[in-house]
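A.B. asks: We have chain A; now place chain B onto it with these hints.
This is what each chain is made of:
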Amino acid sequence: MDTTSHQGGDSISQDQFNRLLYWLDVEREQAGIRYEFIRKRLIKIFVCRGSAIAEELADLTINRVAHKLPEIQATYTGDPARYFCGVAANIFRESLRKAKISAATLPVVAPSDKDGERDYACLEECIGKLPHFERDLVISYYQQEKHEKIDNRRKLAERLGLGLNALRIKACHIRARLRECVEKCRAEQELPK
Amino acid sequence: MIMPAKMKDWETIKKYLLGNLPPEEQEDLELWLMSDDQAYDLLEAVEDDLIDASLRGELKGSDLDQFNSHFLIAPERKRKLQFSRSLIRFIDRPPVPERTSFWAALRALFQFRALVYAVPVLLFVVLVGSFWLARKQNQLQRQLDSTLNQLAETNRQRDELQKQLQETQATIGEQQKQLRAVDTATQPKSVGASPALIAVNLIPNLTRTANNIPAVGLPADTQFVQFSLALLDDNYPAYRVALRDANGRELWSKDGLTSKSSPDGMAIVFLVPGSLLAPADYTLTLSGISTSKTPETINTFLFRTVRRP
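Here the protein sequences line up with chains A and B, keeping their order.
Numbered per the numbering used here, the first sequence spans residues 280 to 472.
Numbered per the numbering used here, the second sequence spans residues 45 to 353.
This is chain B alone, in the form it adopts within the complex:
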């Protein structure tokens, strides 16, 4: 009874080809050959290896005897042997450097299936990466420009503040000078018979009519008259005062004055040389100086000087 045939190993097939297999195993192998689709091809492959082994001198002893006396009986195998001589000569030849074109090399490279997919993916990644980098660089450049602009603006503001500081310091210096002058002027008043300084307080809106014109009595040797102009609203960082005669001619002026606290509220205090004030009617025009530096008239104070013995 013929039993089901199983796949044969390389060594069993070799024994069969050399005629070295016992009759039972031989029939079993032939049954496998008749029933398995791959069996014929594997038998052919072992035949090729056996022929190559004989040509390379790898077959020894009884295997070599069987090869010559049994295996090579068939004319087909003699033809195979003849072909294999050429094939082994070709395979064992010294390697000749092959000149391949760029496209041939590229085609050969793409015979590896993984590369067919990997290369386009790699190119895509490089393209997306380049695009992203370009965008990022643009963004960073814009941030840098913006930071530089902010820095320039900060520098400009710093310069402006420095300038304002210098102006303030100059104003303070001027005021200190005035204060020193006032101090100097008040010294003789306290000790001398004739007053060197007369203080005059003027209030807005009380000088509208001729009857209400305040009179300031001045001794002949009055050196300075200290005017105090009351402020209704202290809205300006600096003030300007101008002294005019009855014809409106400006006799004297002073810029950069600042308000001061007085018993009657905020006021502008300043000194006018007594020599300018002969007995007559005068006006003091008070103007506010805003940041735009354009003086704006706030009030006009009318007064009259009379000579006092």
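Chain A with its partners taken away, still in its complex shape:
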């Protein structure tokens, strides 16, 4: 785990970091898992709020909490994750004031035909590596549109004996693995030969 701050400026010492972990959980290993859980969600929060520097803001939030910890640790009750939420909201507002990024967005550029074909070939290869059951599931789950899609997913969940949310999460995990596989494939092809 990186215990120094990034571009945000705030930095924390090893003692502060250790204290933060202890606050999250007295067991060091569990504390590490909890730390990753919180950081991952903080990044998602900043992405969802429209930040282009979500990871940076997440680390800034964690460092801010570590600095505040001696003041609040004795009196704060409840899940520490909630405290992170409040600090994250402040950090985001500060970032808006500093960068004035609200309207500045880059246009989405569609990939070239060549890149599209390369990605498609990678995807075919990655889907081919999936177990048969997962391949069928991901194709069935994403194949319909609009209302047909809802009915289709409900029937699929019934057939597999899963709840609808459990099916959504399962399909999402397979899709995430496929995306990683395609990105890895693309990176390998972009390497100079």
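The reader is advised that the hints may include incorrect statements.
Residues on chain A that point at chain B, a partial pick, calculated with CB under 10 Å [as the list claims (entries may be wrong)]:
hint	residue
1	D304
2	V305
3	K319
4	S330
5	L402
6	K408
7	H411
8	E437
9	L441
10	N444
11	A445
12	I448
13	R454
These are computed hints drawn from the structure, not numbers from a lab.
Ideal Cβ placement from N, Cα and C applies to all residues, glycine included.
C.D. replies: Coordinates of chain B only, in the frame set by chain A:
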């Protein structure tokens, strides 16, 4: 104060992702995201659906504007969009018939958990059923064989009874013939001066000594002598009588005789031609004929004929 967060529905998550949620609800959703283990995955799933909807042209108006201006700010989401183009192209491709081997098809079939249990049970039922059917067929075959054997035995008994009936009918015919002959023979006796028929009754065990030999007086023109041999026990279905001279030479015999009721009890009655009986000593040997057809001697009757004027 932060309130406890509850599970969010699909539409609320979509609004949050597009930046359309009011600040209070936004903080509530983020609190849920930080505290619920499933929240992150569900958020990712709605993100994927939102990206797919944009690529399929399902996002319209302000949703589409927010998608482009807010949702796609993060580089991570641009990468997701790029990946999703390929995925939708793959999913929407015309179906290509896949060549699968028999074993692959079988493996795919067994991915349905119920079949993993159903197939062995079905095989077991078929095996037990076949075994039971084979046993049943064997049993029925044995019953059929036994019935056919019984039928053959019944036919054989019927044939035997038919044969016995024919023999009985023949015996009756013979007896009727004898009766007619007796009737014919007795006719002149009642009208003529010389008797055509002499009746002789012989009793067993009275012929042991020479003094006790019964004498039968016969006129010269006697046509028949009717002997009646008394039976002590009537144990045979048929009898045989043989006439012998003093030297033991058989002069005459008769088979198939049956007992008749007489004033002295059961007796064997038969006719002997008078011409055979010259004045001399004779014996009549009575034999019983059992079902084995072997004659068994019952008694010997000694008598003497004398000429009577």
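A.B. asks: For each hint given before, does the structure comply? Return the numbers of the non-compliant ones in rising order.
C.D. replies: As far as the earlier hints go, 1, 2, 6, 8 and 9 are violated by this structure, in ascending order.
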